[in-house]
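Starting from the given sequences, assemble the full structure and let the hints guide the process.
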Amino acid sequence: MSETIAAIATGQDPGGIGVIRISGNNAVEIGDKVFKSVSGKKLASLSGYHAMYGRVEGKNDFSDEAVALVFISPHSYTGEDVVELSCHGGRYSTEMTLKACIDAGARPAQAGEFTKRAFENGKMSLTQAESVMNIVSSNGKQSAMAAMAAREGKLSKNIAEICNMLKDIDATLAAWSDFPEDDTPVVTEDELIKSLEKAEEKLTEVVEAGKYGCLIQEGIRTVICGRPNVGKSTLMNLLSGKEKSIVTDIPGTTRDTVDESVNVDGCVLLLSDTAGIRETNDKVETIGVERAKKAIETAQLILALFDSSEELQKEDIELIDMIAGRPSIAIINKSDKNKKIDDKYILNKIKHTVYISAREELGIEELKKSILSVTQLENLDAASGIIINERQLYCAKIALENIGKAIDDTKYGMTFDAINVSIDNALEKLFELTGERVSEEIVNEIFSKFCIGK
Amino acid sequence: MNYKAEEYDVAVIGAGHAGIEAALASARLGCKTVIFTINMDSVGNLPCNPAIGGTAKGHLVFEIDALGGEMGKAADVSTIQSRMLNRGKGPAVHSMRVQVDRKMYSEYMKHTLEKQENLLLRQAEIVAIERTNNGWTLTTRLGAQHDVSCVIIATGTYLGGRVFVGDVNYESGPDGMFAATQLSQSMKELGLKLRRFKTGTPARVLKSSIDFSGLDEQCGDEDPIPFSSATENEIENKVKCYISWTNDNTKKVIKDNLHRSPLYGGMIEGVGPRYCPSIEDKIVRFPDKPRHQCFIEPCGINTDEMYLQGISSSLPEDVQISLYRTMDGMENVKIMRSAYAIEYDCIDPTEMYPSLEFKEFEGLFGAGQFNGSSGYEEAAAQGLVAGINAARKVKKLEPIIFSRSNSYIGTLIDDLVTKGVMDPYRMMTSRSEYRLVLRQDNAQERLSEIGYEIGLLSKESYEIFKRNIALKYEEIERAKKTTISPSEKLNEILVSRETTPVETGVRLADLLKRPQINYKSLEEVDITRPDIPQQILEQAEVEIKYEGYIKRQMDQINELKRLERKIIPKDIDYDDVKGLRLEATEKLKKFRPINVGQASRISGVSPADVSVLMIYLKAKFHC
Chain A
1 MSETIAAIAT GQDPGGIGVI RISGNNAVEI GDKVFKSVSG KKLASLSGYH AMYGRVEGKN
61 DFSDEAVALV FISPHSYTGE DVVELSCHGG RYSTEMTLKA CIDAGARPAQ AGEFTKRAFE
121 NGKMSLTQAE SVMNIVSSNG KQSAMAAMAA REGKLSKNIA EICNMLKDID ATLAAWSDFP
181 EDDTPVVTED ELIKSLEKAE EKLTEVVEAG KYGCLIQEGI RTVICGRPNV GKSTLMNLLS
241 GKEKSIVTDI PGTTRDTVDE SVNVDGCVLL LSDTAGIRET NDKVETIGVE RAKKAIETAQ
301 LILALFDSSE ELQKEDIELI DMIAGRPSIA IINKSDKNKK IDDKYILNKI KHTVYISARE
361 ELGIEELKKS ILSVTQLENL DAASGIIINE RQLYCAKIAL ENIGKAIDDT KYGMTFDAIN
421 VSIDNALEKL FELTGERVSE EIVNEIFSKF CIGK
Chain B
1 MNYKAEEYDV AVIGAGHAGI EAALASARLG CKTVIFTINM DSVGNLPCNP AIGGTAKGHL
61 VFEIDALGGE MGKAADVSTI QSRMLNRGKG PAVHSMRVQV DRKMYSEYMK HTLEKQENLL
121 LRQAEIVAIE RTNNGWTLTT RLGAQHDVSC VIIATGTYLG GRVFVGDVNY ESGPDGMFAA
181 TQLSQSMKEL GLKLRRFKTG TPARVLKSSI DFSGLDEQCG DEDPIPFSSA TENEIENKVK
241 CYISWTNDNT KKVIKDNLHR SPLYGGMIEG VGPRYCPSIE DKIVRFPDKP RHQCFIEPCG
301 INTDEMYLQG ISSSLPEDVQ ISLYRTMDGM ENVKIMRSAY AIEYDCIDPT EMYPSLEFKE
361 FEGLFGAGQF NGSSGYEEAA AQGLVAGINA ARKVKKLEPI IFSRSNSYIG TLIDDLVTKG
421 VMDPYRMMTS RSEYRLVLRQ DNAQERLSEI GYEIGLLSKE SYEIFKRNIA LKYEEIERAK
481 KTTISPSEKL NEILVSRETT PVETGVRLAD LLKRPQINYK SLEEVDITRP DIPQQILEQA
541 EVEIKYEGYI KRQMDQINEL KRLERKIIPK DIDYDDVKGL RLEATEKLKK FRPINVGQAS
601 RISGVSPADV SVLMIYLKAK FHC
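Chains as they are written, first to last, in my numbering: chain A, 1 to 454; chain B, 1 to 623.
Just so you know, the hints here were simulated from the structure itself, not pulled from any lab data. All of these numbers come straight from a predicted model, not from anything done at the bench. Check each hint, because a few of them may be wrong.
To be verified - Stretch-level coverage of chain B by chain A, calculated; a stretch enters the list once three of its residues show a Cβ under 8 Å from a Cβ in chain A:
{"no.": "1", "stretch": "84-92"}
{"no.": "2", "stretch": "424-430"}
{"no.": "3", "stretch": "433-447"}
{"no.": "4", "stretch": "549-563"}
Note that CB positions come from ideal geometry on N, CA and C, so glycine has one too.
What follows is the structure, given as C-alpha cells:
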C-alpha cells in the first residue's frame, strides 16, 4: 500500500499543455473523481496505455478540457497505477486541476517523490539512479533552506504560538492519563473545547492569510471586467504586453475568459479577461457573461473598467454594487475623450479609482501603483510571515482539520484518548511545516509543567 | 585460583525482572542457560513499590504475557489489590495495576526458575567478562570460569551500586544487598562506556504506627481481571491502600535541611528519573504546590511494612523521621527501612541494535536498568526480547525486532536504541503514537502469533487466543449486520443516557458508536446477542466505537511498515551514498539503523536524506 500522490509534471513556464500526474493505489479512483469523460465511461474501465477525452472539474466551478491517460501497475513511470491529466497549460488550469486531485484525496508529492517511487519499484537503472539522487538531494537542500527561512520568520512565530497552545493541551491530557494518581489537574470538556477553539481560531487566521500567501507566489487571481467594449482586452494586452485577447470595435468580441500571468513590479497577477457584462440574446455570449460573473465572485483582485466618454449605465451600476467592498480598482478608461461619466458615484463606492487611456497608454503607471497598494492593503506583503507554498498550506490545513475533529469529537462525547490522537496529528503536521518533531516535545512539556511521579 | 566450570549457551547476569524473563525465554527456546544472582534471596525482588503494572506498564505486562513471558503470571499469583486505572479516560489508556505481596512474587519467580528445564539458577557474583574466539568467558568471585556463547547483562542497580542517605554513602546494592563492584572494571576494560544513573525509594514504615482514621482509603476494583490468560484462580482484593498528604510543615522541614541533601551537596553525579523525583526535588521544583500526595501501600499479607509511594528521599535519617512525622496520620510513624538514593552503572543504549545486542560486541546483550530504563515492567520487557534474541543467535536465526507499530515493547526499545536516554526511561502511553491500536485489550491479537512462531507460546494457549480473537470479529460482524428496531424500551434506554431517540431501525454498531452507549446498556433490546464473555464484548465495542481513529492509525502504521521492510545491510558504506548531508552520514554511521524506518527516526536525518538512502539501497542492493 502506498499513499496516492499528485503533482504538476510539466514545468512552471506557460506552455500549451500542462500535465498533472497522479500515482498510487487510488490513482484511478481519484482520476475518476476529477475527470468526466465525454463518453461517460469511467477511467476504471480502461486497461493500461489508454486515453479518454473529457473535462476536469474542481471547486468554484472550475472546469477545463483534458485528456486522461491511464497506466496500470507495473507499466508506468513509477511502477504504480498512474493517471496523467493533460489540460491547458498555464498556472491557473494546472494549479486548479492539481487542487481538484488533492481535494479528491491525493497528497501533494514531495520533491523527487515520483522518481523515488520509480526506483523503489525497480523502474530505473544504476546510472539513472545516481543522477536522480543528485537532483533529489539538491531539492532537499532547497527545502531545508526554505524550512530555515520559515523557522526564522514571522510564520514560524505564528505557528510556534499555535504549537505551544496545542502542546499545552496535549501535555495536560497526557499527564492526566499517564499519571492518574498524581494530583494533576482534571481536564473538563468545556476547558478542552475552549483551548482547542483558541488554537483553531489562530490557525484559521494563518491558513486564510496563507491562501493569500500562496497567491503571492503563485499569482493573484485577477479579473478585468466591465461593459462590452470599454477596453478590457486593450488593457489586458497593455498589461501583458502580448496580443492575447482579440481586440476589435465590435462589442462582445471576447466570449470566454482568457488567462495570462503578468508581473506588475514583482507582484504576479493571473489575469482573466472576461466577456463584457450585458444582457444579450446571443446564446454563446450569455454563457460568457455568466462565467464572467463567476470569475468576479472568486477573484482576489478586480479591475473594473468604465468608459469615461459615456454616462453610467445600468450594467455599470450593477457592477459597482457587485464589487463594492472587495479588493478592487475602478479604472476609468478613455480619459483622452470628452468626459461624460459621473465619476463621483464611482468614487463614493470604490476606494481606488484611476484614470487611464488604454489606447494612448496613459495612466498605466498610476494603475500599477494602485494595484500594488491594493494588494498590500490586503496584507499581501510577502515578508509578513504567512504561508508561502502549497506544501505548507496543506500541512496547515490538515492540522486545522484535526483540531476541528478534536473539537467535534469532544462535543460528541468521545473519550480524551481519542481526542488526544487528533491533537497529536495536528501537532505533527505543524511540526512538519516548520521541520521539527513531535513526541519528545510532549514528554519534555509534561516534565517541565507537572509535578508527578512516585 | 580459577577453575574451568560448566559451559552454557546463554548466561544471564542478574535475576531481577529483566534477568528472569531473559533466562526463561532462553531456556524455553531450548538453550542451555544459567542465571547468576548475587543473592539467592533477592530473586525477583521488588525493591521499590510493591506493585506491578500502571499506565503503559500494564500494557507491557499484557504484551509480555501474550508472548509467553512470566511477569503477568507472577503478578496474578501474588495480587493483593487490583485496579484498572483510567477507566473513564478511554481504552487506549486503560491500564491495570496490582499491589502484590513482595515475598509471594519473589518466591513464585524463584521457584519458576528452579523448575525450568535447561536452566540453572546459581548464586554467584560475576567479577569478569572476557571475549573468547567464539563467545565469552564469565568468571565468578569464587573462581569458576564459564564459557558461554551469549551473555545477557541485567545487573540493575547492583552494578557499581552506591547508596546515599544524607552525608552517608557506601557501596551497596538495593535493599542492603552487596553491590557488584569488580564487574564494572572488567566491562571498562572490555571497552564498554559506562555512565551513572540514580534512582531512589521511600521509607518502609510500621503499619501500627500510622493513624488511618483520618485518611482516605483506596480499595480495589469490584471485578478484577488477571494479567495472564493462563491464570484460572480468581483475583481477590485482600488489602486497602491509604492516602496521606504533605503540608507546610513538611515543606519547612525539607527547606531547612536541603543543604544536607547529597543531591544538592553535589555528592551524587548520577542522573535521576524525571518522573520519579524525591520529595525534596518536588518541593524545590514546584514551590507553589501547597501539598503532595502519598499513597500508603502494604508490602504484603504477612507483614506490617508499609510503602510510602511519592515520598522518596535521600535526606539524612533524622530529617526523614521529622518530615514523615509532619504528614497526616503519621505523627508517630516508625520507620522500618530508611529511604535512600542509589547510584549505579549503565550504558548508552544507542550502542545496541533493536535486538538488544551490542553493535560492537557480538553475542553480548543488555536489558533493564543497565540499558538506561527504569521500572520492573520495562526491565521485564527488555529481558524477554534479549532472551529471545540471544537464544536465536545461538540457534543461528535472525533476531526478532519488535516495531513501534505492534507493541509498547517495540516502542520502548526503539526509544532506547534510536533516541537514547538522558535520564532513566519510563514507559508512558503518550510515548506511543499508535496508542489507540496498541491497547491492553488486544495485546494477544497483536503479539501471540509472534510468541507462537518463535516457540515461547504453547499451541494450546495460542489456539485459545485465536478462538477469542475470532469471536471478537464475529461479534463485530454481527453488530454491523444486526438492526435494532425502534421501540419504547430502546428509546427509554437512549433517553436515559442522554442521547437522541430513534424512529427507524438502527444498526447495533451505530448505536455502539455513540459515546453514551455500551453493550451492557443494550442488553434488553439486543436479543440475538450470543453468549460470549463480557471481556470479548468490551473488546468488540472498542473496535466499533473507535473504528475511525483505529483506521487512521492503521494507515499510519502501514506507511511505517513500508519503511521498516526496507532492510539496511550491515556492511553498507554511508560514505558511498552520494547526496547525504554530512550530519546525516555521521549519524547513520554512529547509529547503524537496521531498516529505513529506524533511520528516519534518528535526529539529524532529514526526510530528504531518507529519500536519498532509499534510492541508494534500491540501486545498489535492490532492496
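Where does the structure disagree with the numbered hints, that is, which hint numbers, in rising order? Checked against the structure, no hint fails, so every one of them is satisfied.
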